[in-house]
Amino acid sequence: MRIVVPMKAVPDLVEEIELNEDETGIDSEYLTFVPGEWDSQALEEALLLKDAIGAEVVAVGLADDPEIDQILYTALAKGADVAVKLADASGAALSGPAGIRISDRVALLAGYLQAQPADLVISGVQSADDLEGQLPPTLAALLDLPHVSVAASVEVDGDSAIVRQEFSGGRSHELQVNMPAVIGVQSARQPPRYAPISRIKQAMQTGELTEVTVSLPATGERAVVRRMHRSETNGQAEMLTGNAGAVADQIVALLRARGLVKG
Amino acid sequence: MVLAEHTGGQVSDGTHELIGKARELASALGGLTEVALLGRADLAGQLCGADVVVAVDHPALSEYLPEAYERTLLEVLAQRSPRLFLMSNGTVGLDLAAALSVRWDAPLATYVSALEIDEGAVTATAQILGGKVLVDVELPGERGIVTVLGGAFGAEAGQSSGDAEVVHLDPPAGLDAPRMSLRQVFEADRGDVDISSAEMLVSVGRGIESRDNMEIVEELADALGVPLSASRPVVDAGWLPKTRQVGQSGVRVKPRVYLALGISGAPEHLEGIRNAELIIACNTDPGAPIFGVAHYGTTVDLFDLVPELVGKVRG
Chain A
1 MRIVVPMKAV PDLVEEIELN EDETGIDSEY LTFVPGEWDS QALEEALLLK DAIGAEVVAV
61 GLADDPEIDQ ILYTALAKGA DVAVKLADAS GAALSGPAGI RISDRVALLA GYLQAQPADL
121 VISGVQSADD LEGQLPPTLA ALLDLPHVSV AASVEVDGDS AIVRQEFSGG RSHELQVNMP
181 AVIGVQSARQ PPRYAPISRI KQAMQTGELT EVTVSLPATG ERAVVRRMHR SETNGQAEML
241 TGNAGAVADQ IVALLRARGL VKG
Chain B
1 MVLAEHTGGQ VSDGTHELIG KARELASALG GLTEVALLGR ADLAGQLCGA DVVVAVDHPA
61 LSEYLPEAYE RTLLEVLAQR SPRLFLMSNG TVGLDLAAAL SVRWDAPLAT YVSALEIDEG
121 AVTATAQILG GKVLVDVELP GERGIVTVLG GAFGAEAGQS SGDAEVVHLD PPAGLDAPRM
181 SLRQVFEADR GDVDISSAEM LVSVGRGIES RDNMEIVEEL ADALGVPLSA SRPVVDAGWL
241 PKTRQVGQSG VRVKPRVYLA LGISGAPEHL EGIRNAELII ACNTDPGAPI FGVAHYGTTV
301 DLFDLVPELV GKVRG
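The listed protein sequences correspond, in order, to chains A and B. Just so you know, my numbering puts 132 at position 132 of the first sequence, and the rest follows in order with no gaps. Just so you know, my numbering puts 72 at position 72 of the second sequence, and the rest follows in order with no gaps.
Certain hints may be false.
Residues on chain B that point at chain A, a partial pick, calculated with CB under 8 angstroms [as the list claims (entries may be wrong)]:
| hint | residue |
| --- | --- |
| 1 | Gly-131 |
| 2 | Gly-141 |
| 3 | Ala-237 |
| 4 | Gly-238 |
Subject to a maximum C-alpha distance of 25 angstroms in a straight line, what follows is the list of computed BS3-like cross-link-like pairs (lysine-lysine) [unchecked claim]:
| hint | chain 1 | residue 1 | chain 2 | residue 2 |
| --- | --- | --- | --- | --- |
| 5 | B | Lys-254 | B | Lys-242 |
| 6 | A | Lys-201 | A | Lys-50 |
| 7 | B | Lys-254 | A | Lys-262 |
| 8 | A | Lys-262 | B | Lys-312 |
| 9 | A | Lys-201 | A | Lys-85 |
| 10 | A | Lys-85 | A | Lys-50 |
Just so you know, these hints were derived from the structure itself, not from any lab. Heads up, the beta-carbon is just placed ideally off N, CA and C, and yes, glycines get one too.
Required output: the full structure, derived from the provided sequences and hints.
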């Protein structure tokens with residue numbers, strides 16, 4: 001049983017995001033990158049499967065991704081067996097308006113998986129910087145594999161994956177899916193495990209990142225970015241001013257006016 | 001063309017929102033509004049805003065099943081050749097749009113909040129990075145796929161009365177040899193507290209930073225005598241149960257007051273609170289999208305604000 005988990009870093013959403021001067025891309029110079037949160041959920045689900053039935057878990061990133069070494073070493077420290085960095089055989093730098101384009105990312109992954117097939121690809125359902133769709137269905141379409149996204153659990157029964165797919169409002173479906181398959185995980189069955197710094201340091205000393213080069217095929221027509229702009233939030237919320245005490249007074253007054261605070 | 005989504009014999013609100021937008025675009029481009037209705041041809045009567053309902057029936061389509069839907073939609077798209085295919089940006093959109101984009105060879109825009117025809121070109125505004133950045137894109141070529149955020153467009157224009165022509169298509173070969181099957185349907189678990197009917201909610205997001213810090217917001221919820229809810233990152237981290245998650249993949253709420261603490265306002269979250277009467281948001285980032293929908297806002301740190309609130313509420 002071989003499980004491949006694609007991983008990448010995304011801009012830290014807690015920080016302000018700057019755009020480049022001509023407003024066609026994100027200025028990544030001063031950005032802080034953090035592991036994609038759905039990727040961490042996907043890795044956790046893969047590791048849970050490994051714990052339950054035994055499996056080889058392979059964490060895969062792109063050599064051009066920011067912070068990718070750190071992310072892959074952390075995956076090894078958490079229990080991944082192998083970490084792989086993929087590079088485009090032409091050596092050309094990959095980039096798009098919001099980082100590496102999904103189509104290029106998926107094409108490299110597909111090339112890798114054609115050469116070294118997996119029983120399951122367990123990916124984060126999406127990534128905060130997806131501009132042209134999500135990775136799992138794109139990858140599955142290229143490889144002609146069955147796929148399920150927005151999964152909240154993945155288990156294995158013989159040659160099938162048993163996947164719980166979530167819908168709006170809390171409904172869910174339990175699906176039986178022939179393997180090999182591609183699953184997009186929304187949330188793992190339990191919160192992602194923690195890797196102590198000491199173990200990550202150990203992985204950096206003894207762990208190995210395998211580099212694999214893949215040829216990038218041409219892709220079809222895709223959306224063209226005309227302009228990027230920051231979300232405009234002016235004019236809607238009335239901003240409460242003053243220190244914490246003064247703001248709290250105003251909020252309590254709003255609640256009191258609605259009878260939600262007595263007195 | 002719009003994909004109709006339905007549960008329990010009821011066409012979703014999102015479908016009507018898409019039909020309304022599709023009518024506007026079809027009128028600008030001089031075309032028709034079609035709706036793909038899979039598995040329940042008997043629901044065509046609910047789609048009166050469309051000119052044509054393209055219905056495909058097969059037992060594998062009675063409930064949403066990714067593979068069966070994908071194969072059927074590829075057949076529908078091949079036969080009807082729409083200029084644009086619109087889907088809701090929920091589970092089905094996340095599941096199928098990108099795969100259809102590859103297989104139907106059409107450019108895709110996701111998380112779309114605005115969609116126009118600009119001098120003959122289809123342009124969309126997509127949200128990325130949790131709604132912090134908006135991207136205006138053009139979908140070049142003769143076809144395109146767009147997944148639209150819930151609530152981006154009104155539903156009324158999609159519900160105008162009329163009789164849609166119903167066209168029945170045969171299901172594609174291949175539905176009888178599936179690689180996946182539906183084993184069970186689970187209805188929503190409302191849990192110990194039904195936040196969907198709460199009069200007020202204290203809701204907490206990523207800004208709370210750690211499990212240990214949850215104590216201060218629990219204290220505020222207790223002081224006010226209202227439930228504590230959360231955005232997805234808090235639930236995914238395991239700090240609150242899934243039944244307390246507000247948003248598209250959680251619960252849609254309609255409290256009289258929604259107090260959002262450390263919630264930036266990702267599009268999925270905003271969809272869950274659009275029926276809240278009054279939204280008060282606290283976030284240290286003045287550019288957080290939550291301030292675009294909140295009625296009152298503050299950039300005071302929640303760790304300073306919450307203890308003050310607790311003290312004042314307790315008197």
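*Straight-line alpha-carbon gap Lys-85(A) to Lys-50(A), limit 25 angstroms*: Given pair Lys-85(A), Lys-50(A) holds - Cα atoms ~21 angstroms apart, limit 25 angstroms.
*Is Lys-201(A) close enough to Lys-50(A), meaning Cα to Cα at most 25 angstroms?*
Measuring from Cα to Cα gives roughly 23 angstroms; hence the hint holds.
*asked:* Let's test the interface hint: is any C-beta of chain A closer than 8 angstroms to that of Ala-237(B)?
replied: Holds, about 5 angstroms.
*Would the pair Lys-201(A) and Lys-85(A) pass a check requiring their Cα atoms to be no farther apart than 25 angstroms?*
holds (19 angstroms)
*Would the stated hint for Gly-238(B) survive a check requiring a Cβ distance to chain A of less than 8 angstroms?*
It holds, given that the least Cβ distance between Gly-238(B) and chain A is near 4 angstroms, below 8 angstroms.
*Proposed interface contact between Gly-131(B) and chain A, which counts if any beta carbon pair is under 8 angstroms*: holds (6 angstroms)
*Please verify that hint: Gly-141(B), Cβ, nearest Cβ of chain A, below 8 angstroms or not.*
holds (5 angstroms)
*Going straight from one Cα to the other, do Lys-254(B) and Lys-242(B) come out at no more than 25 angstroms?*
Holds: Lys-254(B) and Lys-242(B) sit about 18 angstroms apart, inside 25 angstroms.
_So if I understand the rule, the pair passes when the alpha-carbon distance is 25 angstroms or less; does Lys-254(B) with Lys-262(A) pass?_
With a Cα-Cα distance of about 22 angstroms, the restraint between Lys-254(B) and Lys-262(A) holds, given a limit of 25 angstroms.
*Under the criterion that the straight-line Cα-Cα distance not exceed 25 angstroms, is the pair Lys-262(A), Lys-312(B) satisfied?*
holds (11 angstroms)
No hint from the list above goes unmet by this structure.
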